[in-house]
Amino acid sequence: MSFLSRIFSSLFRRAPRYEVSAYQTVYAALVSALTREGVHVGGTAGYPRVEINSLREQERLDKEGALRELTVSIDSISNKSLAQAATMNDNNLRLLTEDLLDLGAKWTCLGVIPTQLRDLVETSDSQKILYRIIQDFSIFVELRKTDEEEGSGSGSGSGSSPVGA
Amino acid sequence: MPQLGNKRRVYIVTGSGSLTYTWLAGEQSNNFNRTAEAIETSDKSTEWAQFLSGKKGATAEVTVYTDDDSTTGAQQKAALKALHEGTTVKVFIGVLSTGSNPAPTEGDLFEAIVTAVGDTNDNGSVATRSISLTANGAVIHTPSLS
Numbered sequence: 001m002s003f004l005s006r007i008f009s010s011l012f013r014r015a016p017r018y019e020v021s022a023y024q025t026v027y028a029a030l031v032s033a034l035t036r037e038g039v040h041v042g043g044t045a046g047y048p049r050v051e052i053n054s055l056r057e058q059e060r061l062d063k064e065g066a067l068r069e070l071t072v073s074i075d076s077i078s079n080k081s082l083a084q085a086a087t088m089n090d091n092n093l094r095l096l097t098e099d100l101l102d103l104g105a106k107w108t109c110l111g112v113i114p115t116q117l118r119d120l121v122e123t124s125d126s127q128k129i130l131y132r133i134i135q136d137f138s139i140f141v142e143l144r145k146t147d148e149e150e151g152s153g154s155g156s157g158s159g160s161s162p163v164g165a
Numbered sequence: 166m167p168q169l170g171n172k173r174r175v176y177i178v179t180g181s182g183s184l185t186y187t188w189l190a191g192e193q194s195n196n197f198n199r200t201a202e203a204i205e206t207s208d209k210s211t212e213w214a215q216f217l218s219g220k221k222g223a224t225a226e227v228t229v230y231t232d233d234d235s236t237t238g239a240q241q242k243a244a245l246k247a248l249h250e251g252t253t254v255k256v257f258i259g260v261l262s263t264g265s266n267p268a269p270t271e272g273d274l275f276e277a278i279v280t281a282v283g284d285t286n287d288n289g290s291v292a293t294r295s296i297s298l299t300a301n302g303a304v305i306h307t308p309s310l311s
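Line by line, the protein sequences are chains A and B.
Under our numbering, think of the first position of the first sequence as 1, with each following residue one higher.
Under our numbering, think of the first position of the second sequence as 166, with each following residue one higher.
A hint or two may mislead.
[To be verified] 20 Å max Cα-Cα, derived SDA-like pairs, lysine to any residue: (1) K172(B) to E59(A); (2) K145(A) to V282(B); (3) K145(A) to K221(B); (4) K172(B) to K106(A); (5) K145(A) to E205(B); (6) K106(A) to D232(B); (7) K255(B) to V20(A); (8) K145(A) to T236(B); (9) K172(B) to Y18(A); (10) K145(A) to H306(B); (11) K145(A) to T263(B); (12) K246(B) to T263(B); (13) K172(B) to G65(A); (14) K145(A) to R60(A); (15) K145(A) to S265(B); (16) K145(A) to I204(B); (17) K145(A) to N171(B); (18) K106(A) to D234(B); (19) K255(B) to V291(B); (20) K221(B) to H306(B); (21) K145(A) to D234(B); (22) K145(A) to D284(B); (23) K145(A) to K246(B); (24) K172(B) to R60(A); (25) K220(B) to E205(B); (26) K220(B) to I204(B); (27) K246(B) to D284(B); (28) K145(A) to D232(B); (29) K172(B) to E19(A); (30) K145(A) to D233(B); (31) K106(A) to T237(B); (32) K255(B) to V282(B); (33) K172(B) to T97(A); (34) K106(A) to T236(B); (35) K145(A) to T237(B).
Hints in this document: simulated from the structure, not taken from any laboratory.
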């Protein structure tokens, strides 16, 4: 690092970091992880289909706002059978839990935890038309520190800079 | 003026003369309790109990998200080390000024022994660590009480 950049970084190191949400990054990572052949993911028409039904970012877990929990409901929808929806859901579980979600440079995924599962069969008159398995997950993510923040944590007191305070 | 709890944080203080305040990263909550013993001086001159203020003390407890990384968890490591080795840590609980030379604007600075470090590892949650501190000697309050 050059002398000038050291001066600039020491001047601006303690500037408060602005608040950002993890929503967009996690949503994109979920779509990417769930995408596979033979299954429609997201808003595209057709069956069998996997939908991110709802994604909710919970309150910040630590005082800096770096640690977040998101809860998500993912629907596996089949127009053939409940068994096909259940198989799609098992594949979703595998895709989301066998490796950590790749959240890029800004966020780190700490883990994806499956929570509740329920089914829903939609009928029209007396005919069953859609079979749905709804799986809930908790996703824990952490906002990565920049190299500058990481390196200064032990000596300069810059660990005090608040996020969203 | 009332303040949000997330602004009043626990810092590990190092150095002498020019102090360095480093936030206990991953802090979730803290509490700080000041106490003064009540020495009873009641006599028969009145039917009401009477007291003198006795020795003062303070305890603190902070809960953090467990981080054993040598860099990001360095302050947690300092507290653990103090417990293992029976040494003290210098702690500030409160608000620091912003700028290149942070200094206390509100809060309490004290030296403490670490009396407990408890880890909680619940299913489906981020692991947490609770650190208990007992002040060793005087607590310095900012802004000054004099």
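Requested in this report: Check each numbered hint from earlier against the structure, then list the numbers of those it violates in ascending order.
Outcome: Violated: hints 2, 3, 4, 5, 7, 10, 12, 16, 19, 22, 23 and 33.
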